[in-house]
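Number of protein chains: 2
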Amino acid sequence: MTSELIAVDWGTSRFRAFRLDGAGKVLDRLSAEDGMSTVPAGGFAAVLERHCGAWMKANPKAPVLMAGMVGARNGWAEAAYSTCPASPKSLANAMLKVTDRVSIVPGVIARDKSGADVMRGEETLIFGTEVKNGLVCLPGTHSKWARVEEGAITDFATFMTGETYALFRQQSLLSRLATEPEDLTGFDDGLEAAKDGTGLTNRLFQARSRVLGDEMAGEKVGPYLSGLLIGAEVEGAFKRYGSNHVITLVADGVLAQRYVAALRSHGASLEIISPERAFLEGLATIAAARSQDPTP
Amino acid sequence: MTSELIAVDWGTSRFRAFRLDGAGKVLDRLSAEDGMSTVPAGGFAAVLERHCGAWMKANPKAPVLMAGMVGARNGWAEAAYSTCPASPKSLANAMLKVTDRVSIVPGVIARDKSGADVMRGEETLIFGTEVKNGLVCLPGTHSKWARVEEGAITDFATFMTGETYALFRQQSLLSRLATEPEDLTGFDDGLEAAKDGTGLTNRLFQARSRVLGDEMAGEKVGPYLSGLLIGAEVEGAFKRYGSNHVITLVADGVLAQRYVAALRSHGASLEIISPERAFLEGLATIAAARSQDPTP
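Those protein sequences? They're chains V and R, same order as listed. Each residue of the first sequence is one higher than the last, beginning at 1 in the numbering used here. Each residue of the second sequence is one higher than the last, beginning at 1 in the numbering used here.
Extracted from the complex, chain V is given alone in its bound form (with noise of 0.2 Å):
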């Protein structure tokens, strides 16, 4: 049994705020534009007062906990990465204290012999998942999958998957012969692509040249380099932990529908959760993990 709770979801571009009772249920809830890219240095308490002020006034003994690129350099104030392996208990006894009531959820770093990957928010989510041994997968501008272990974080890979598909479909040569609206099947034209071994670099230039070759509709254009990156992102994941894994994957909506379909190609077994219920149910995981017996 947790006290109420006031759970932060501070990114780069959004602010999202949840008041929570002591059983973990949305007692309100509020979304707003403020990302902290927007947010001027010393200018985060004022943000936070200005969204969460009255909630915080209601219930004095309300913690403020938060999670996601606040606690990064350029945010509030810098949390440092924890390390692998990270539990829920780890990341409550590394939280950074911002104020008397307000405490950042840090990051986490993985320091594999290929070089080492980040986290920052993530971590919160796939806690969240309440997996304790198998693969979580967490679509985005930088897709992560994380490998979990007896309730840890042992490991993970960063994927820049959202980011390369802006790239090239709004700022490459890619875009000009990219035509609208879209026609979904080349999503699958993707998806098989990425199963050729001359690889990404190549098969993103098919994209232009099976449209001169007319071979391909421009139609196709968007959802091929969609297929194409989700593809190459699963294949990837499942090259580096291997494919017999039950995919535990957080995401909603459109991403959720492409993954889906992507896992599936690959024969995987997977369940999903909403990228909200996961936040939620992992910053009361942490919540409670802090309010155990401090020592780890």
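Hint data in this document are derived by calculation from the structure and do not stem from the laboratory.
It does not matter which identical chain is used: a pair holds within one copy or between any two.
No more than 20 Å apart at the CA atoms, straight line, and that leaves these computed lysine to aspartate or glutamate pairs for DMTMM-like: (1) 239 with 196; (2) 195 with 112; (3) 61 with 21; (4) 113 with 192; (5) 113 with 196; (6) 57 with 28.
Position chain R relative to chain V; hints supplied.
Same frame as chain V, now just chain R:
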């Protein structure tokens, strides 16, 4: 023995012209910023006249042969792609006459079951290498690897290496932590990273996460990206065509140095020819093939 020739390499961003004698020796040359992307529709003849009018007047019999993007959709006139196998003879037969004395060398299309690929301008360089059987590598914004058999191009693959580098180095989140002057040893780190099966969109993120994890300095980011993308190109080309060829590299300057380093790290034997020499020899070869019996 051929007559004097005016050779024009008219690409997207640059106009280069050479006055060649019957033995292929360069009598005169010029270079201007009138790339075809700067020329309005219908304005091409005037640009040619401005730059080469004096040469054309001095020798009214010298044909003007042009290669490059000038034969593309938005160029002087669209020279339809020739198909594989493409030889100097087949291209000579397919040249597009735009005026009485001016002709454009067509590009080439490869129709592989893995999808169509296209080139425009590189076919001329490939014939200039005089490779009869082998693999030709032409680095660039859109690098090409071509398989030549019995003097004809039978297949090729494009890699968006240069464009991908520019997009990520200048317009992605990866640019934020990159600093200068660059530490070129990062190139070898990138080459090594290209071997990692997790894939390109993961290895690209390493350019950020290794810096955040204090494993790599910001000065290495640019060179790391270069090594990663060139390494991925070489890996992909070898997967597609096999790795037991002598590679003929059409490149000069810094780009040649980087590709030589990448190819040598894969144990490849290679020969190098400068793009200018390949262009001149290639155009002369095509011109000579046109002068022969016109039937294929």
